[in-house]
Amino acid sequence: MAATGEMSARPRPVAAPVMGGEASARSAFFLRLACAAFVFAAWEGLSRSGLFYGEVVPSLISIVRAMGVLLVDPVFWTNLKVTFLEVAASLAIGTLLGVVTGIVLGANRFLMRAFEPYIYYLSPTPRIILFPIMIMWFGVGPSSKIALGALSAFFAVALSTAAGMRQIDQILIRVGRSFRASKWQMATKIYLPAMKIPVLNGIRLGMGTAIITVLLAETKLSNQGLGYLIMQVYTRFDMPTLYALLIAVFAIAGASNALIGRAIRE
Amino acid sequence: MTSLSSETSLTGADPSKPSGSAPAMVIDDVVKRFGRGNDIVTAVDHVSFNVQQGEFVSVIGPSGCGKSTLFNIIGGLLGDYDGNVLIGDERISAPHPEVGMVFQEESTFPWRNVIDNVAFPLELQGVAKSERMDRAHHFIDMVGLANFEKNYPSQLSGGMKQRVSIARTLVSQPKILLMDEPFAALDEQTRLLLGDKITQIQQQLHQTTLLITHNLTEAVQLSDRIVVMTYRPGRVKRIVNIDLPRPRTSDVVGSDAFGHYVAEIWNDLREEASRGMADSETAASRRGAHG
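Just so you know, the sequences run in chain order A and B. Just so you know, we're using this note's numbering here: the first sequence kicks off at 1002 and counts up by one. Just so you know, we're using this note's numbering here: the second sequence kicks off at 91 and counts up by one.
Same shape as in the complex, but just chain B (with noise of 0.2 Å):
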């Protein structure tokens, strides 16, 4: 537990949280190997953060860093890794009831419409009816769809499926948000607009969140504290602080230190994304060879 201390004040626990708390998440020396033999392929080598109780987080790096990797484990869909990922005292092998996923691929059910899949998880819980509707409603409305709830994910947009997986997630009251690329597959503008809601209802709730991204502003955009990945193998290559005042919103996208931050972390993160970027390339050149 020595070594966990020293970490947490070696990548800068933010002196602006309450210092005696324990953090709502600790992430402690994980391994992940893929494959046997001589064909081992280290998908997250020794990672070790924490996450404090109402901190926004962001895991950044490029394709091939083992993001999804760490979200599947820290998710608990992969329960066989080496180290700790802790909730407390409880080590994650099995989803836990206190995180919550949103998954990077449009994941809302297509034969329910929008307010039962928000009410998805309140089900499986049993909650009764009135009482899931009248809760599925409150986050369906925090995340600006209380006009649509009786339509289908096929009449809705892809930003808005995604804030009815977001809200789907919430309505589950997870202490810690977890989440996968949310926006990857939005454009640009949406991705801004739909992270002013992200921050929004992260302030209002004091959501402990674990975003994992590879977008670099997005990351920026929201979070108070960023980890660096680098390249297979994934390790933490640096975290960063960022201080940037809340309430933020996307207008922050605009000031200086926001550049500041930027192009900090893409000083860090070029490196790692030109090496799997020539990674690639020598994999496509050697299949051509072959073919």
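Same shape as in the complex, but just chain A (with noise of 0.2 Å):
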């Protein structure tokens, strides 16, 4: 007791509105740990009530158990891979059309006047739409994944580049010219390296919608893949393992949105 009143007499420094960095970065993450605590005993309590009828809410020590043999499982990680290279192959397509259509249309007052608007309300549109035009174009197989992937990242990188296009400040412009500059050394001096950050960024959005609808295509209609397994597994009412995957769909989203974060830190 003594030492607490010690501690109270102590001139306590302001820090009630202002909290300072690292003690409001702990409580924030006392706080995420309590709500997650909170959601998986409710989920618990939930599963254990019966109220729902079989395995809605499988209760979380089955999840965990069919998370494990989903792991050792050479289904799941075929299918991974499957996806995996679908979500690549469309991001680096997207990626290789978006960065050339924004650096034509960046570049180009007359040209961005007369696309702009296509692109704008294209962009929007869910690309699912075309699925049964790029399954006919394509085929049931990774093709026509793969296409409609390229097409939703596209929109993103083509975007973001030719914004970044314009945003260059024009006083480096300038500067590459006063020191007699060729064509190629302002782009790759000062273009690019100044739009580094937006092209990255665009990729990071195309990343994301690209997986977004190549997963979704998947589920519509396929035979291979993450969103086929979940159809598969869903189709058995297997709720455990559904759950399980859908977790692991999570994990590996975050984690590649998080690569290519720390890329555009760096």
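Keep in mind the hints are simulated off the structure, nothing from the lab. Don't be surprised by glycine CBs; every beta carbon is placed ideally from N, CA and C. Possibly wrong hints are sitting among the right ones.
[As the list claims (entries may be wrong)] Derived contacts from chain A toward chain B, CB cut-off under 7 Å, selection only:
#1 Ile-1172
#2 Val-1176
#3 Arg-1178
#4 Ser-1179
#5 Phe-1180
#6 Arg-1181
#7 Gln-1186
#8 Ala-1188
#9 Gly-1209
[Said to hold, decoys possible] Below are the DSS-like pairs computed for lysine-lysine, each with C-alpha atoms no more than 30 Å apart in a straight line:
#10 B/Lys-240 x A/Lys-1197
#11 A/Lys-1184 x B/Lys-219
#12 A/Lys-1184 x B/Lys-240
[Unchecked claim] So the derived list for chain A, only partly shown, Cβ under 8 Å to chain B, looks like this:
#13 Leu-1173
#14 Ala-1182
#15 Lys-1184
From these two lone chains plus the hints, build me the complex, please.
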């Protein structure tokens, strides 16, 4: 008791309104932890209450067990690989076309004025409505998913590249001209480094939409991939495995997003 | 060419300079108009003056006297003009290797650290890495940033960034250093101290310099000659020789002679500046009436 008395007697820093960075980060972490604990507890309670039919809300233990089984199952890894390759190919194609289109549109005011409406109106259109056409053109295999994913990534990358191109500080271009930089030097030493951040941001957005589109397409019509696997598990009504799969997909999407985010911050 | 030589004598070529040597730069009857039809604005109107080798010349005038237009023409960024800007026999119509520009805006590359910023022109010229680092280091030292070579522009103050820009231009060793209000965005104290730095570098390198400015004390502190411009259209109103002793420091600001020059030039400038002010007030009231 003596110790606490001494502590309260000491002049305390007025930290209440502006919480110190570290302290506030720690509190936020605990709140997040408490929130997760609450959700887990509620979930487990709901699962044991028997209010839901069958395994709609499986117990946490069964989900963890299903996760264990899933992670050693070669079927999971083969399908993961298919989805991964589809997303990677979509992103590569979409990025390449998007960067080129973005540079052309960003560099040429006339072309931008002519084509910007198309890009702006088409970019929020859900790509999945084009899936039937992609199936007809590219078949039910990975090609149709890649085509659709590339289309989604393309818009994000093209728009942010064009914006990045137009936002380049004009003074840096004048500096380049005053030092008589060649066209190639202007491109590699001024435009590209100045556009690095917007382009990487575009790729990050593009990756997000490519993952969504590819998985969505796989759940609709396919014979391999994580989306296909999710639908397979769903038709068997294997709820613990379904939840384990969803958690795996969350983790993968989050990790790849964080990876690109780190590249940008570097 | 006869008109040119009479111009030189009229504008008072510095008698202490060797009279036989050709001027570093000749600005001969330069005219630049913008717009078309009834909307033509003459920004620069028959401007002529010379810059001698090793001389520090300032062009001073109120906003709207065509200073920046003149800067862009001399720097070669505005190739379409009438009259001649000559370096030797060459008429400037594109950026010239012997003219080094320093801009008013912050113009360092944010993704390059100080030494890589300064080495930029050498990189364009294909100078080998070790040599370009040596040369960049030399000029970074000269502007007093030796301890900041690895810093990025975001970690530097406005005055330090302008010094990086100046070092970056000096590293390409231009015959003529052309600066457009490089200290406009800085506070008065920093401006005076950087002025000292500029004087010191100019004396050390015998650097021919043309400074565009609207700051009276800065112009008198640094220059051998000051070209006073009129408000729109921009013409040469008068050219004033500044016979303050060299080597000079910012201490000169306190001297009687300095005050005398400032008063003299302000006398010329006041009329132009008030015309400019009246113009912008009319424009503002017209906008107000319409709005």
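So, going through the hints one by one against the coordinates:
Among the interface hints, the one on A/Ile-1172 holds; its C-beta lies about 4 Å from the nearest C-beta in chain B, closer than the 7 Å criterion. For A/Val-1176, the interface hint holds, since its Cβ comes within 7 Å of a Cβ in chain B; the closest pair sits about 5 Å apart. The beta carbon of A/Arg-1178 is positioned within 7 Å of a beta carbon in chain B (closest approach about 6 Å), and the interface hint is therefore held. About 4 Å separates the beta-carbon of A/Ser-1179 from the nearest beta-carbon of chain B, less than 7 Å, and the hint is met.
Of the supplied interface hints, the one on A/Phe-1180 holds, with its beta-carbon coming within about 5 Å of a beta-carbon of chain B, less than 7 Å. With a cut of 7 Å, the hint placing A/Arg-1181 at the interface with chain B holds, because the nearest CB-to-CB distance is about 5 Å. Because the closest C-beta pair between A/Gln-1186 and chain B is about 6 Å apart, less than 7 Å, the hint holds. The restraint placing A/Ala-1188 at the interface with chain B is violated, with a minimum CB-CB distance near 13 Å, outside the 7 Å limit.
The beta carbon of A/Gly-1209 is not positioned within 7 Å of any beta carbon in chain B (closest approach about 25 Å), and the interface hint is therefore violated. Distance check on the hinted pair: B/Lys-240 and A/Lys-1197 sit about 21 Å apart at the alpha-carbon level, within 30 Å; holds. A distance of roughly 22 Å separates the Cα atoms of A/Lys-1184 and B/Lys-219; the hinted pair therefore holds under the 30 Å criterion. The straight-line distance between the Cα atoms of A/Lys-1184 and B/Lys-240 is roughly 28 Å, inside the 30 Å bound, and the hint therefore holds.
Interface restraint check: A/Leu-1173 against chain B, minimum CB-CB distance 6 Å, threshold 8 Å, status holds. Taken as an interface hint, A/Ala-1182 checks out: its beta carbon lies about 5 Å from the nearest beta carbon of chain B, inside 8 Å. Contact between A/Lys-1184 and chain B, as hinted, is not supported at the beta carbon level, the nearest pair being about 12 Å apart and thus beyond 8 Å.
Hint check: violations occur at hints 8, 9, 15; the rest are consistent with the structure.
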